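Since chain A is already given, all that's left is putting chain B on it; use the hints.
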Amino acid sequence: MNIDSIKNGYVIDHIKAGKGMEIYNLLRLDLLDCPVAIIKNASSSKMGKKDIIKIDALIELNMDILGYVSPDATVDVIKDEKLAEKKKMSLPEKLTDVIFCKNPRCITTTEQELPHIFHLTDRDECEYRCAYCESRGK
Amino acid sequence: MRSVIDIKDLSTTELNELVAVAEDIIQNPDKYAHKCDRKKLATLFFEPSTRTRLSFEAAMYELGGHVLSMSDAGSSSAAKGESVADTAKTVSCYADIIAMRHPKEGAPLVAAMNASIPVINAGDGGHNHPTQTLADLLTIHREKARFDNLTIGLCGDLKFGRTVHSLISAMTRYSGIKFVLISPKELTVPSYVKKVIKEAGAECRETTDLLEAMPQLDILYMTRVQRERFFNEEDYLRLKDSYILTPEKLITAKKDLCIMHPLPRVNEISVKVDEDPRACYFKQVLNGKYMRMALILKLLEIK
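Protein chains in written order, with the working numbering: chain A, 1 to 138; chain B, 1 to 303.
All the pointers check out, no bait thrown in.
Straight-line Cα separation of at most 25 Å, SDA-like style, residue types lysine to any residue; simulated pairs: (1) B/K8 with A/I117; (2) B/K31 with B/H141; (3) B/K159 with B/P264; (4) B/K159 with A/F100; (5) B/K194 with A/E134; (6) A/K102 with B/P103; (7) A/K102 with B/Y192; (8) B/K194 with A/R105; (9) A/K94 with B/E199; (10) A/K102 with B/P190; (11) B/K194 with A/S135; (12) A/K94 with B/S191; (13) A/K102 with B/D6; (14) A/K102 with B/T188; (15) B/K144 with B/D24; (16) A/K88 with A/V11.
Simulated restraints on C-beta separations: (17) A/Q112 with B/R227: 31 to 37 Å; (18) B/K89 with A/A84: 43 to 49 Å; (19) B/K185 with A/D76: 49 to 55 Å; (20) B/Y192 with A/T74: 29 to 35 Å; (21) B/T90 with A/L58: 40 to 46 Å; (22) A/T74 with B/K303: 52 to 58 Å.
The set of hints was computed from the structure by calculation and includes no laboratory data.
Quick caveat: nothing in here was measured; it's all calculated off a predicted structure.
Virtual Cβ for every residue (Gly too), placed ideally from N, Cα, C.
Bound-form chain A, shown alone (with noise of 0.2 Å):
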């Protein structure tokens, strides 16, 4: 794969330094037959450092993951090697089955076909907190 040019596909870019792999985890990336490039500590004028990814296919992404692990992420959509469209990521509102509640008195405990949902409640400070215990999300 050349990593600087994808046919169709996306570009992550502004990820927060150290925070591609687990965004790659997360998104399950691994599964993919697609090219796929990680690059860890890019230079950045704005950030100092940051990571970026590439994927060389228009899969379906989960934006909620990105926006929770990285707000600052950006996502080029790249169709026919040109740029089709740029998306900020912020802050999600609702998280479904990205962060785990682990208070052990919350019924997502017991019954383990529950969706682990968890709603913003604290924009500034990231406050997640579980939709069934309200319990903050860590």
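Frame of chain A; chain B shown alone:
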């Protein structure tokens, strides 16, 4: 179709409407005696609770309705491993409304997400207990004839006390409310609850001294300081008597103070206080039934 899982599920207008209906029920009980004819309340109590279950059942009977009840959680389908979601779907086929108590936090929300009938949270672990707050609100309204311009002392375990957090959430909606938070340092109100008070613009101060706070209070809401909340026995023994209400501690209190407690009490209010006309905690129990009646009517959309 509405459910009530958290006191925040009800708007201020709705809280005021429920209080008005409850007052009307108290004045005109016959008018409501057949409002729920042929309607069925299922009380799904997955942990022991005498008072809350009886209160819901009494409320439904006084509205002319019927009650479906599990004999005990140990013999229920849950003991066989049925999920809360499946139980809620099943009971929706038999009843018109559910009151659920469950040891797991969030279980009534799961029931509400799956039931096709309204669900009332009758207590989920240490999390929410909205109908207790409704009982508290009616008591405040009956004793003070207002919800605004009150100084409310909350005393005891303010860290884990779910009734205290819900009452704060409800009372911050009204103007001129001052909170005096009286607790040992180990059991102060969590920061996210303090944030609710701050964002609402209500006044708040913290103290460890019940006696010092007493003269200013219009309402004193007592809760139990439990032994198991302390890291060591020494601290518990040192502090426990400071938060036990006795007739002597009430000498400097206002003549129209309203003393409240969610019950059951253990020893945090001396039985000698029961004779004081300012003791309102048994009135709270009765008010709980009236507010549950008002809530059942509202959720069943019966005028």
